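Student: If you're matching them up, the sequences are chains A and B in order.
For any residue, its number in our numbering is found by taking its place in the first sequence, counting from 1, and adding 8.
For any residue, its number in our numbering is found by taking its place in the second sequence, counting from 1, and adding 201.
Hints in this document: simulated from the structure, not taken from any laboratory.
Remember, predicted model here, so these are calculated numbers, not experimental data.
Built from N, CA and C at the ideal position, the CB exists for glycine as well.
Certain hints may be false.
[To be verified] Taking CB as the label site, the calculated pair distances span:
{"no.": "1", "chain 1": "A", "residue 1": "69", "chain 2": "B", "residue 2": "266", "range": "42 to 48 angstroms"}
{"no.": "2", "chain 1": "B", "residue 1": "380", "chain 2": "A", "residue 2": "76", "range": "36 to 42 angstroms"}
{"no.": "3", "chain 1": "B", "residue 1": "284", "chain 2": "A", "residue 2": "28", "range": "26 to 32 angstroms"}
{"no.": "4", "chain 1": "B", "residue 1": "232", "chain 2": "A", "residue 2": "46", "range": "49 to 55 angstroms"}
{"no.": "5", "chain 1": "B", "residue 1": "286", "chain 2": "A", "residue 2": "9", "range": "52 to 58 angstroms"}
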Amino acid sequence: MARIVFTPNLQRHVDCPPSNAPAATVREALDHVFAGNPQLRSYVIDKQGRLRKHINVYINDRTVSDRIALSDTVGADDEIYVFQALTGG
Amino acid sequence: MSDILHVATRKGLVSFKRAGNEWRANAPAFIGQPVSAVLADARDGTLYAALRLGHFGVKLHRSDDAGASWSEIAAPAFPTVETPDDNAPAVDMIWTLVAGGADEPGVLWAGTTPGGLFKSSDCGATWSLNDSLWNLPERKDWAGGGYDLPGIHSVLVDPRDAKSLTVGVSTGGVWPSADGGGSWRLTGTGLRAEYMPPDLVFDLKMQDVHRLSACAAAPDIVWCQHHNGMFRSIDGGETYSEITGVKPSVFGFAVAAHPSDPNTAWFVPAIKDELRIPVDAELVVTQTSDGGKTFASQSDGLPAVSYDLVYRHGLAVDRTGSRLAMGSTTGNLWTSDDSGRRWTQIHGHLPPIAEVAFG
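Isolated chain B, as found in the complex (with noise of 0.2 angstroms):
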């Protein structure tokens, strides 16, 4: 199992290394400063965290030496434009980190707000917009979701063949790409969006997925969590099939699917739109391990009284599917050694999580 986990939170970056049955915190970097994102690049060692600073913009770190020591390395950034106004994009948030793959040693991808995707194939040295992506008209159409400006959260790399991408974006779709980017397509035949005006239901750009997670063994297994719900896919992000009836509730933002195993995964459950808290207060993890048929509700070593959320990347699986990490927007850290059976709380008093990641 993976003995070290990295918490991306609000006022820095909080490491933790498992020594014996605890978890024990390495001095947190970049202490009073929001980190949007981390990324433990298991091909190399390498970690990189985002931070998000509030006046002096976005800014991206790198550690060759296990977080010992950072350098500050390029952000992804728009192209300069010729005149710019108000309207000249930025990068707001980097979203999301993902490593390319194992045959692309330091390409990496960045997922931002306000949803340019941006690709660095020198470990982050330099990096550049996705043309292809952000030029493509249905682009206009995409909305906020979470936060004021659609954003790109998710960005899965087929394990078999790197240049099978999916994007997920809140709000704005699925988007596959068959060649490593150069083209995209609009997928997701399925997903549906019950808020939005009748025609515009199954739209399939008007979707606000909230996150993707494919199973690493069998990547054809894509898990989603919806504004609207839970899904499915088993043809690769093609089409999903809706999962419901779950309890104690189907919304959410969190899902991780188990690295090896088709027909497990986990959600993290709450109140939709009108109250941000779990069902009831009651915090739980709800796993399937039967392809999304029926949900067992983990809530042992939760709190009986509780207000905390797991945002899009609060909740992470090692590479056994048996350790687990949680952490919450209430500043609420949990792992488990048994996939969720037992969670046990590692720190209550972190800042606002925005990611949990294993080393």
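Bound-form chain A, shown alone (with noise of 0.2 angstroms):
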């Protein structure tokens, strides 16, 4: 299953330790944690689905391609890093 690890900044607004989902992309495995913690999806994506602006996503080391179907495959030993993009201060 692949592993989703979330940003330490996500925690002050909402609780999101890691996880383990069985998911073939990324979609599917975030709405897998969404699933059990409905709370954080907000957080993530906007309402239409699509990875917040200033949200990155990366397999590995690899940034995802699909912002917005969010369709990069994932495969079992992947890790799943959801952390927050620089914006002002």
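Now that you have both chains on their own, put them together as the hints suggest.
Tutor: This is the structure in structure tokens:
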């Protein structure tokens, strides 16, 4: 199962410990996490299902290419990192 | 007079309570997080705070215990489109939160960038987009004013009839509805945007209305701070008369109508486009008490040299009309207990202030 890790900066808003998900794509992995943690959804993706503008998702060491449908594939040994992109102070 | 003051800042919500002759700050809520709007609902005492988290989007929180504790509730959001792309709408910011009528418990309105008006009928538990305004063909001509995206900053609810609404758009004009938002008209004859191409100067939908404020006791009196100047309506916002020659400037963002005196309102002037600071770096509030014929410049207690800019929601008057609060993008906060004749600095080191609201 793919492992999903969220930025610690999200923790102050909503509990989001690392978790594992049976998933073939980033979308499936995130949906699996959101199913058990509905509040987390709106912090990572918007109402249209797109990654938020200032959120980055990496699969191991590469950034996802599809920020709208989140169709990038993931394997059982992959790690998905969800973290914030730089924005102003 | 109101003894509670809520201040929405770039880095948290700070609430003050009057104790004797002092305002004492409570521990801030949402520390470090941008608070774009705050509403103290006079109907039931509920507090609402809108957050614009840089990474994690727009959030809305409610407090049922005067700010002692907060719960996250649903935030306004556009309906999901079938095939999302980069152009599908998303709420960028809640610019204003407004309570519905006294006979509409739990009804709230949220004005947002990029120009969506949202309604809740259940104290913010759920929200729905006002489709009839969003689907107006004229909306495609709305443009950014203050922010990159067009936005709704003013929602006036007529205290005589809560179905009578008026929305102000920057930029996009003045839009009243007589049926609770079922249909909308474009009004504002008399508003003038001299910076537009000649044929568009009086085009109603091109007007950059910065802020609307109506007299609660005489809601047909509507004051308007416009990008181009100051205006007043005596017919509920159908038509406006321009107020000219006001020193030091007719430009600004904020306006506050006296709650019971239809001839009194306050503005906070600044230099127009080229320099967004007070004229001659001297912060003043301009007050009229004769319906806009003449203005008094109020500066007692305000700094002699200032770079403070007061945003659209940075000026508030309480229900008595005697107590005012003003907060700036420089993080200064002042109040007055005598209708602005004398101002007292309450805080000089707050983050940039988006809104001040009496509780």
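Student: State for each hint whether it applies.
Tutor: Results for each hint:
no.: 1; hint: 69/A x 266/B: 42 to 48 angstroms; verdict: holds, 47 angstroms
no.: 2; hint: 380/B x 76/A: 36 to 42 angstroms; verdict: holds, 37 angstroms
no.: 3; hint: 284/B x 28/A: 26 to 32 angstroms; verdict: holds, 30 angstroms
no.: 4; hint: 232/B x 46/A: 49 to 55 angstroms; verdict: violated, 25 angstroms
no.: 5; hint: 286/B x 9/A: 52 to 58 angstroms; verdict: violated, 31 angstroms
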